[in-house]
Structure formats: C-alpha cells, structure tokens
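Take the sequence shown: its letters are residues 1 to 363, numbered as in full-length UniProt numbering.
These are computed hints drawn from the structure, not numbers from a lab.
Incorrect hints may have been included.
To be verified - DSSO-like cross-link-like pairs, simulated, lysine-lysine; straight-line CA separation at most 27 Å: (1) 110 x 190; (2) 117 x 190; (3) 186 x 142; (4) 117 x 346.
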Amino acid sequence: FTLFIQSLQAERTPLGELKRRNNSVIKIAHTCLDFLQFVQDFHDLSAFIGKDKGNSIQILEKHYKRKQEGRKGFIEGTKITHSAVPTKDEIKKRHPVSDDDALRVWEFIKTQKNKDKRRRDMALYAAMEQLGGRVSELHLIKMTDYEDARRTGMLTLTTLKRKDDNTTRKIPVPHLLLSMIADYVKVRKKAMRKKKVQHDYLFISLTTGHPLSAGSWITYMNAWKKELGIEGELHPHLWRHAFITDKLKELILASKEVNDKDDFRKHLLHTQTFKMQLQQWTGHTMLSSLDTYIDLAFADINGYTEVYNAVSLRSSVELAKRQFELLEDQIASKELTPTVALCEIKRLLGDFQSDIDNCIVSS
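All chains, please: the whole structure from these sequences, using the hints.
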C-alpha cells in the first residue's frame, strides 16, 4: 500500500509536472482504505487490514473534533488513515481574475465571427461577471428567472453547496445586463425553434438547442486561454472571486465605522444587514470562507477616499463602455445601419441612466 501511495505521488505529466496534488492523493488513499475494509468484512478475511502489526496493511485511527461555524456543539468521530498518506496541500489563495485577462477574454468573445455564438457568449460572460454565481449556478438560470428580473430588477439564482433549505438567492441585476440577455434571447428563440426543442433554461447549445452545460463553458474558456496565450489560471470561478471582492469593497466604503480588517470582521459578525447582503450576493453560509476576500478588498482600497458612489457604479460603467465599443465595431463592419445604431445608443443610454438612478437611491 505504501508503494501504491508513493507511485500516485511520483506520477508526472508528459510536461514533467506532478500529475496529482497531495489533496488528490489523500482522497484516493482514503477511498481505497474504505474499500479494502469492506473487502475484508465481505469475505471475512483475517489479518488483512487493521490497527495491529500482524495485518498486511496496518492502518491508523485518528480522533477528530471540530466546531461548525454558525452551529452549536462539535462534530466528533474517528477516521482511518495510513502512515504513507501525505499531509494536505497549503490552502490556495483565491485571487480574482486580473483586469487585463478579463479584458482580453471579452475582446475575444465580442469579435467572434459567428454572430449568434457571439451574442450568447457575451450574455453569459456578462452574467458571470455581474452576478458572481458559481458556473453551475449560472447554467441553471431559467427564462422565467430572466423575465421576473425584467419586472423586479432582481434575478433568482439557484444556490449550490448548501446544507440547509435556502436553495435560491436573489441578486440585484443591472439594466445593461438584462439588455444584453435580451439580445441573446432572440438567438435562443430562433435556435430552439429550428431544433424543435422546448425547455426553460436560459443558456443553450446553439448546435442542439439543449441546455448549455457548465463543462462546455469551462472548455470554451480553456480554449480561449490557449488562443490568447494567457499564463496562469483562467477559469470561471476567478470572476466569482472578483465579484465577491468588489462587493466587499462596496460594503467597506459604505460604512463610516469600518477602519480596518478587524473592524470589518466585527461588523460581519454583529450586523445582521451585512450578513444578509453577503449571503444574498455570494450564497456563502460561513463567514470564515470570506477571510481571503476581506484581505484582498482591504489591499485594494488602501488609500481610497470615501467614493462609494463611484465604486457601486463601476459595473454599469464597464458594461456601458463595452456595449458602445461593440456598436462602433458593428457600424464599422456595416452590420448595423446608422438608424438602427442610433436606436441602440438611445436604448443603452436609457438603461445606463436607470442604473445611475438606482445607485443614487441605494447609496
């Protein structure tokens, strides 16, 4: 068994990189130990696997006791392991997507030759950026959710990774995002009619008409990363990290009582409004999981003055700039006539004005 674990740790890719991190090896090892214990019990074997030295595979029993955040009492139990099982990897720091990488991906998406795919990908990219959902949550958005959001300004997201009954959350959505989705909905309707498919999921595969899977979007992003020559990580969760960090900055800058990280953590623990806003935006139940984001937020706003209005408007400003750049490209390529382009500009300005008005009210 020791040789087996060592072989898992030593295996490398064709590029010479380690094939598995320690956490993967630990998971495989513990699964195998559980299975071997089952084999011993099922076949009534003796001296095969156990704590005593006389067993072919000698295991260790470790007692654990841990506190669950937000709940009373402790969880206690005993788990089995083996002396060859490695220690856990260091906790990876969550860093948001860089502005430069995000812009390069957006530029690539908006210049795709296939007009229908371009509109679909632009809408999904904007949803990923503006809603901060996990990639699997974004792919569960329904047409009815979008239609409700047009009426209420709040989009319902399915919340995954929850152990309680709170399976959805509502997120404020910019008018400009709804406008981009509206452009894509025309494409969706045409594709589904052509493929004779019916369902309520918002984002679809344009080749089959069926719901687009989260895996497909990740595959696209991997291809774009390669095409653009982007170094390091590039996956949808980085946009979620950026969203959460920005929302924390808004909360910090909006509060006159917060001067440092310790003040902010106290606010999170004792201010119900903060808790509710964060849970609404992120779907997180444990405040400890936000620690890394708090560090990043304070690193970003060192030297800021009280500019809450500017920070809260940033999302809409960025979306508006992109939409106007896209219109420029479409006019230059004669994809839009001047008359249609003018109507689009008026519509975008109206949506942008609505977002400004909403921001002033909320501040």
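**Distance restraint between residue 117 and residue 190, which requires alpha-carbon spacing of 27 Å or less** = 12 Å, holds
**Prompt:** Taken at face value, is the distance from the CA of residue 190 to the CA of residue 110 at most 27 Å?
**Reply:** Satisfied, since the Cα-Cα distance of roughly 20 Å is no more than 27 Å.
**Request:** Take a quick look at whether residue 186 and residue 142 sit within 27 Å of each other, Cα to Cα.
**Result:** 15 Å, holds
**Message:** Check whether the Cα positions of residue 117 and residue 346 lie no farther apart than 27 Å.
**Reply:** 25 Å, holds
The structure is consistent with each of the numbered hints, conforming to all of them.
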